[in-house]
Amino acid sequence: MKAYSYFPGCCCDEGTGVAYGISTRAIAAPLEIELRRLADWNCCGSAPMWALDSAEGACASLRNLALAEQAGLDLVTHCSSCYLMLRKAHTVFTRDTALSFQLRRALRSAGLEYGGRVRVRHLAEILLDDLGPEAISRRVRKKLTGLRVGCYYGCQTVRPQGIDHPEFPTRLERLVASLGADAVDFPFKTRCCGASLMFSEDGLALSLVRKILESATARGVQCLVTVCPFCQINLDAFQRHVNGRFGTRFNVPVLFLTQLIGIALGLEPRSLGLEKNIVLPAPVLAAYVG
Amino acid sequence: MNDLREELYRLPGGEKFNLCIQCGTCSASCPSVSAMRYSPRQVIALVRAGMVQEVLHSNAVWMCASCYMCTVRCPRDIQPTELMHTLQLLAARLGLIADRSPAPAFYRAFRASVKAHGRAHEFGIMFNFLLGRPGKALRMLPVAISLFRRGRLSLRVPRTRGASELATILSALRQGGESETPAALTVAQGGVSA
Chain A
1 MKAYSYFPGC CCDEGTGVAY GISTRAIAAP LEIELRRLAD WNCCGSAPMW
51 ALDSAEGACA SLRNLALAEQ AGLDLVTHCS SCYLMLRKAH TVFTRDTALS
101 FQLRRALRSA GLEYGGRVRV RHLAEILLDD LGPEAISRRV RKKLTGLRVG
151 CYYGCQTVRP QGIDHPEFPT RLERLVASLG ADAVDFPFKT RCCGASLMFS
201 EDGLALSLVR KILESATARG VQCLVTVCPF CQINLDAFQR HVNGRFGTRF
251 NVPVLFLTQL IGIALGLEPR SLGLEKNIVL PAPVLAAYVG
Chain C
291 MNDLREELYR LPGGEKFNLC IQCGTCSASC PSVSAMRYSP RQVIALVRAG
341 MVQEVLHSNA VWMCASCYMC TVRCPRDIQP TELMHTLQLL AARLGLIADR
391 SPAPAFYRAF RASVKAHGRA HEFGIMFNFL LGRPGKALRM LPVAISLFRR
441 GRLSLRVPRT RGASELATIL SALRQGGESE TPAALTVAQG GVSA
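Heads up: the sequence lines are chains A and C, in that order.
Residue numbers for the first sequence follow my numbering, so the first one is 1 and each next one is one higher.
Residue numbers for the second sequence follow my numbering, so the first one is 291 and each next one is one higher.
FYI, nobody ran anything at the bench for these hints, they're computed from the structure.
Even glycine gets a Cβ: it sits at the ideal position worked out from N, Cα and C.
Don't take each hint at face value.
Below, in silico cross-link-like pairs of lysine to aspartate or glutamate (EDC-like), each with a Cα-Cα straight-line distance of 16 Å or less [as the list claims (entries may be wrong)]: (1) Lys143(A) with Asp182(A); (2) Lys405(C) with Asp202(A); (3) Lys306(C) with Glu296(C); (4) Lys142(A) with Asp202(A); (5) Lys426(C) with Asp202(A); (6) Lys2(A) with Asp96(A).
Partial list, computed: chain C residues near chain A (C-beta under 8 Å) [unchecked claim]: (7) Gln312; (8) Cys313; (9) Gly314; (10) Gln378; (11) Phe438; (12) Ser444.
Derived DEER-like restraints, expressed as beta-carbon distance ranges [unchecked claim]: (13) Gly247(A) with His347(C): 49 to 57 Å; (14) Val447(C) with Ala39(A): 15 to 23 Å; (15) Arg119(A) with Cys313(C): 29 to 37 Å; (16) Arg148(A) with Ala402(C): 41 to 49 Å; (17) Pro283(A) with Lys405(C): 25 to 33 Å.
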């Protein structure tokens, strides 16, 4: 069983993406992955903190990296924003400029050091590279035969650099296929859902969500899967808003990839937080549960 | 006016403003371009023309969705996303209110939450941000209710020992004094390597 330091991130720990955290931890044991929660972790700073004062954003991320370095394991997160921010802090720090001197001194005030030795990885990379679709396939107990699944990558999982090609990724489809499901390609799978703008510019963000849902449903997907908590909430919780605003009738469940894997592993829907989805996936998954 | 431009140029990556060939690939790739006062290509052109203030007063930089599509497509490796972030930082520093864009207020609510709790408390952030925006609050209410019903919006404020340690680190960051070129600005150009 391979062990990792686990960085849940604020949103997936007990916030709007809580089902991502629940389902990730649920599939870890059957997939023989050990996730050791980073004790006393703090927010990565995320885009807002980095934008207002990027040295502060870097410090927020670096404290986590310093803690992970003490643990001596790869740092795994399943949030695409945390993934980006933690790596960005690492890059900025290890570039060894006047700024990294300043950041090092700030860390030291709390008795922390960062030596630049932590590998930050997305959970999807663990599933793809350390485990592999074949190994996951061998553990499948409920094949998802006939289920038409669209993989929505969004932005920060693949851009500027990430788990796959920035514009034409295909690796999540391999994971979905390993569960026995039909991975359905759709043109907007890497288009931005506008998650970071949903509060400041909701009109714009809703129109972006609409285009993605249109693109996916035109290909006949029964559900979407994502590996980003913000993509999930945007496509799921704001779907009714989109319908209200544009007169559309979308009713597409948007699952975390970990939830779909859990179903295929034969886990209980409740242990995967499926009841927390706004568009309930139960009707689509009925044939594969129980 | 042009002091600002020179400052931007001096930053690591800032020289890239001059590499732009105005091909417009960034604007064509941008999901927000229709709502921007100036497109990403125009933002770069304006900065080069010394019109940094105009850019900072517009909503353009706050409309950036940070999707990095322009960055991966730019034929000159300019990383327009990072340039937008640098401009956001500069706007925040100078206290320029951009076309009444609510994004900076949302960012500040977020940062306040992280500073207070060590983690982002989503309910608190939404509450603070929407308090003075009744129209928006009303539009968001149904979503908030559905999230709350599904157990996805926690009222509980996160408590972590990390919060005080983070506070120590952030205050130590300030004690070094502000450097002439805000060192913080250089971070925005850091980008990400795999």
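Okay, the hints, checked on the actual structure:
1. Lys143(A) with Asp182(A): holds, 11 Å
2. Lys405(C) with Asp202(A): violated, 26 Å
3. Lys306(C) with Glu296(C): holds, 12 Å
4. Lys142(A) with Asp202(A): Roughly 39 Å separates the two Cα atoms, so the pair is violated.
5. Lys426(C) with Asp202(A): holds, 9 Å
6. Lys2(A) with Asp96(A): At roughly 32 Å apart (the allowed maximum being 16 Å), Asp96(A) and Lys2(A) break the hint.
7. Gln312: With a closest approach of 22 Å, the Gln312(C) hint is violated.
8. Cys313: The hint is violated - Cys313(C) has no Cβ within 8 Å of chain A, the shortest such distance being about 17 Å.
9. Gly314: Gly314(C) check fails; min Cβ-Cβ to chain A is 18 Å, beyond 8 Å.
10. Gln378: holds, 4 Å
11. Phe438: violated, 10 Å
12. Ser444: holds, 5 Å
13. Gly247(A) with His347(C): 49 to 57 Å: With Cβ atoms ~36 Å apart, the hint is violated.
14. Val447(C) with Ala39(A): 15 to 23 Å: holds, 19 Å
15. Arg119(A) with Cys313(C): 29 to 37 Å: holds, 36 Å
16. Arg148(A) with Ala402(C): 41 to 49 Å: holds, 44 Å
17. Pro283(A) with Lys405(C): 25 to 33 Å: Once the Cβ atoms are compared, 43 Å apart, the range 25 to 33 Å for Lys405(C) and Pro283(A) is violated.
In terms of the numbered hints stated before, the structure departs from hints 2, 4, 6, 7, 8, 9, 11, 13, 17, listed from lowest to highest.
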